[in-house]
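> Residues per chain, in single letters:
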Amino acid sequence: MEQLIIVVAVLPLISALLIQLFSKRLGRGSARLSVVMTTLSFLLSAVLITWSLTGHEPQALSIGNSSTIILFDPLGALLAAIILGISLIVHLYSVRYMAEEAAYGQFFVLLDLMTAALLFMVLAGDLITLVISWYLVGVLLYFLLGQDTRSQTAYRFAFWTVITYRIGDLPLILAAALLYNAYDTWSLTFIFNEIMANPHAHQILGFSLTQVVAGLIALAAFARSAQFLLHTWLPYTMDGPTPVSALMHAGIVNAGGFLINRFAPVFVNSGDVLNWVFVVGLITAIFGSLLMLTQNDIKKALGYSTMGQMGFMIMECGIGAFSLAIYHMFAHGVFKGTMFLSAGSVINSARQDDGIPKDELYTFAVEKQPNRTRLPWLLMAAITLVVPLVILVFAHLLIAEDYFQKQGAVILLFFGWVTGAQLIFATYRMRSQNIWRMVGLSVVSLVIVVLGYVFISHAFDLFLYPDETFREQLYTAASIDVLRFDVLVVITTLIIVAGWFVTYYAEQNGHRRRKQSKRLWLNFYALISREFYIGDIYTRLTRTLLALSGRLNVWLRWL
Amino acid sequence: MAETMIILLAGIFLPLFPMSMVFNAVLDNVKQPWLKVILFITWPLCGLSIVFYSGAAISEWVVILALITSTMYALRMLSLREVNQWSGFLATSLWSLLWLTIWQQNTSEMLLYGYALGMTVPLVLLLMLSAGLEQRFGAAYTGLYGGLARTIPRFSGILVTVIVAAIATPLFPSFFIMFDMVVETVAVMPLAAIVLLLIWLLWSWAGARLIQGLIVGRASNTKIADIGVLTIGFYSIVLLALAIAGIYMSRVIL
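Just so you know, the protein sequences line up as chains A and B, in that order. With my numbering, letter number 61 in the first sequence gets 61, and the count goes up by one each step, no holes. Take any residue in the second sequence, count from 1 to its spot, add 559: that is its number in my numbering.
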């Protein structure tokens with residue numbers, strides 16, 4: 001089995017090497033070779049995950065007398081299979097999509113190298129392998145995004161990506177250096193065992209080492225997963241080839257969630273770092289979703305949607321639901337990959353039919369169709385608030401009766417409830433000829449999604465963190481003072497309910513909007529349309545730095 | 560006093576500002592590519608030899624000045640467009656960091672010479688490629704012609720790999736040297752470790768700007784000769800050897 005694990009990780013590397021060496025002779029066959037190798041690797045990873053699911057112990061593999069290079073545990077096994085699955089889809093899609101590109105063979109070399117780097121990243125058993133693969137993912141992504149070397153724009157935004165990724169590399173390198181200095185080993189297993197045995201044995205600058213390392217790891221994860229203030233690269237990297245966008249949004253950007261999961265033993269003992277992780281995730285989720293709603297470019301909207309999802313994933317880590325973040329990563333990967341790969345056909349069909357609903361007067365007078373109706377508002381409000389809550393509570397009670405004792409679970413239920421209510425609320429606003437059918441469909445889909453989400457995430461929990469005590473520790477580490485928690489829940493509920501009332505009021509009295517509120521609304525819209533001026537601020541900072549660099553050169557006569 | 564003088568003299572070869580300007584002035588005046596190559600290889604080795612043979616004790620102010628020098632040259636690289644000058648500034652920024660390792664006294668003299676060579680070899684390759692650009696276009700200048708990836712794809716492939724190797728990217732030696740420096744420094748001077756990481760970031764930024772200025776853009780209308788298979792073989796073997804040396808180094812130093 002050990003050999004099989006190494007073969008899975010090395011196959012994409014062999015494929016890249018063969019294509020690089022024989023690309024001229026292989027011609028279009030480069031793609032076929034790459035697809036065959038990825039398929040083989042994927043099938044082997046499926047065998048390995050089955051092996052892992054049957055309860056075998058994690059495997060640690062070394063080369064020579066080095067510390068552990070590969071750690072094959074449930075997290076690594078699962079993510080390796082997911083990466084290879086997504087990579088295989090992207091490979092298959094690229095065979096025809098990239099056929100007209102000049103550097104066809106080179107594209108598959110880069111794609112294979114990226115797959116290998118990602119595999120080594122999730123299977124890394126020591127800090128050096130982890131840092132190297134983490135770093136290389138950024139470098140390879142830069143060249144994949146800049147596949148079209150004629151496009152200045154593609155490179156401009158590929159540069160944004162690589163520089164953000166490099167910013168994210170720095171805290172990881174620093175964390176690795178600190179851990180090595182403290183424990184005198186690169187082996188992750190050894191370091192984690194030591195931390196679990198004695199969490200606060202080491203100090204740095206008067207702080208607990210585990211706390212500092214957790215903060216640094218969180219920063220690295222934020223940069224990779226496009227968290228607020230480090231997100232500007234994500235919506236703009238759309239000039240790269242579509243398969244690369246799919247791979248990036250479905251796989252690479254999720255690496256932040258993986259990193260936090262990999263360092264779970266550090267986060268368990270990290271004080272209030274997880275609370276900050278939650279705050280950053282929450283802000284990102286809100287800003288990402290807000291910006292997504294205001295985009296008129298489908299790919300950019302997808303970019304901001306990914307940002308929102310990444311915020312939610314990091315937020316899940318922040319409440320201690322680590323395995324849920326991995327499930328989210330998987331679900332989002334499949335969903336977003338599909339969306340990117342089908343974006344082209346959506347744009348194509350939109351050119352034939354814009355899909356904008358016709359005016360009500362037109363459908364009534366010209367098409368002779370009856371007016372669409374709505375349910376009474378109060379009844380709908382009751383359904384909106386009660387149905388999602390009942391579904392969520394029922395679903396969670398099926399798993400664990402003490403679910404409501406965990407703060408993280410309460411937050412997740414809260415978000416689930418708000419999302420479900422929002423879905424039904426949106427259905428209500430849509431107007432339909434058969435409103436009951438529409439509401440019914442919404443409720444059924446909500447039940448399926450919630451039950452699926454709850455059961456699958458529970459299965460992920462048992463697979464990734466089989467030790468129940470450790471699972472409890474994760475939730476405890478993310479908890480805050482009960483009074484503070486209750487106050488926050490109440491305030492958030494009030495804000496959301498107030499938001500619904502404002503929306504209802506605006507719907508009823510839209511035409512009577514006052515001048516002052518109109519101006520406020522326009523200012524808010526301007527702020528959002530400029531994406532909170534964050535990109536502008538970074539551009540200004542960059543220009544200042546470049547000007548300083550130039551001025552220094554002039555002063556020092558270019559010597 | 561004598562010790563300070565020795566350090567100041569060594570500061571010409573293992574650059575310490577303002578003595579660092581000497582190297583860049585010399586480089587600016589050397590026109591022959593082979594002379595530049597010799598200059599690059601011998602310069603840091605001379606600096607290390609001066610320090611080792613004199614046995615001068617390194618004070619903390621030398622380390623701070625070295626960090627300032629390295630940061631300043633890394634920052635100044637951002638606005639450079641001429642490839643030779645860029646190589647000179649990167650060399651200055653890289654070599655000045657050797658003071659840090661000398662000060663820590665954890666690395667053997669032989670290994671330090673290895674560090675200097677590991678940092679320099681990619682820059683030597685870059686100088687050779689720069690000579691190739693001057694031969695083809697009359698100047699090795701970013702933003703002047705661009706589109707090299709389409710005009711001379713094989714040359715561009717090698718050029719990009721060499722730049723990537725020069726800016727301390729895995730699996731090349733300078734990556735492991737930088738990693739080792741951070742590991743050794745963070746325990747004694749955490750702030751210096753953060754400065755090291757920022758310098759590293761600036762190199763990446765400057766490297767990306769150089770790559771973009773040279774390879775991105777539409778193909779040239781005039782036919783330009785690409786490099787031959789033998790030359791590619793030579794560069795590939797050297798780069799492969801560098802990567803192997805990097806992996807070997809990782810086992811020795813980390």
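Everything labelled a hint here was simulated from the structure, so no lab data went into it. For every residue, glycine included, the Cβ atom is placed at its ideal position computed from N, Cα and C. Be a bit skeptical, because a hint or two may be false.
As the list claims (entries may be wrong) - Across the chosen pairs, the derived CB separations fall in these ranges:
1. B:Arg-777 x A:Asp-536: 27 to 37 angstroms
2. A:Gln-3 x B:Met-669: 45 to 55 angstroms
3. A:Leu-462 x B:Ile-627: 46 to 56 angstroms
Unchecked claim - Partial chain A-side listing against chain B, Cβ under 10 angstroms, derived:
4. Leu-92
5. Val-95
6. Arg-96
7. Met-98
8. Tyr-135
9. Ser-151
10. Ile-163
11. Asn-181
12. Asn-198
13. Ala-201
14. Gln-203
15. Ser-208
16. Lys-515
17. Gly-550
> Hint by hint, note whether the structure agrees.
Evaluated hints:
1. B:Arg-777 x A:Asp-536: 27 to 37 angstroms: holds (29 angstroms)
2. A:Gln-3 x B:Met-669: 45 to 55 angstroms: Once the Cβ atoms are compared, 37 angstroms apart, the range 45 to 55 angstroms for Met-669 (chain B) and Gln-3 (chain A) is violated.
3. A:Leu-462 x B:Ile-627: 46 to 56 angstroms: holds (54 angstroms)
4. Leu-92: At 26 angstroms from the nearest chain B Cβ, Leu-92 (chain A) fails the 10 angstroms test, so the hint is violated.
5. Val-95: violated (22 angstroms)
6. Arg-96: violated (23 angstroms)
7. Met-98: violated (16 angstroms)
8. Tyr-135: holds (5 angstroms)
9. Ser-151: OK, holds: Ser-151 (chain A) within 10 angstroms of chain B, min 7 angstroms.
10. Ile-163: holds (6 angstroms)
11. Asn-181: With a minimum Cβ separation of about 5 angstroms from chain B (threshold 10 angstroms), the hint on Asn-181 (chain A) holds.
12. Asn-198: violated (19 angstroms)
13. Ala-201: Violated, about 15 angstroms.
14. Gln-203: violated (12 angstroms)
15. Ser-208: violated (15 angstroms)
16. Lys-515: violated (48 angstroms)
17. Gly-550: holds (4 angstroms)
The structure does not agree with the numbered hints 2, 4, 5, 6, 7, 12, 13, 14, 15 and 16 stated previously, though it agrees with the rest.
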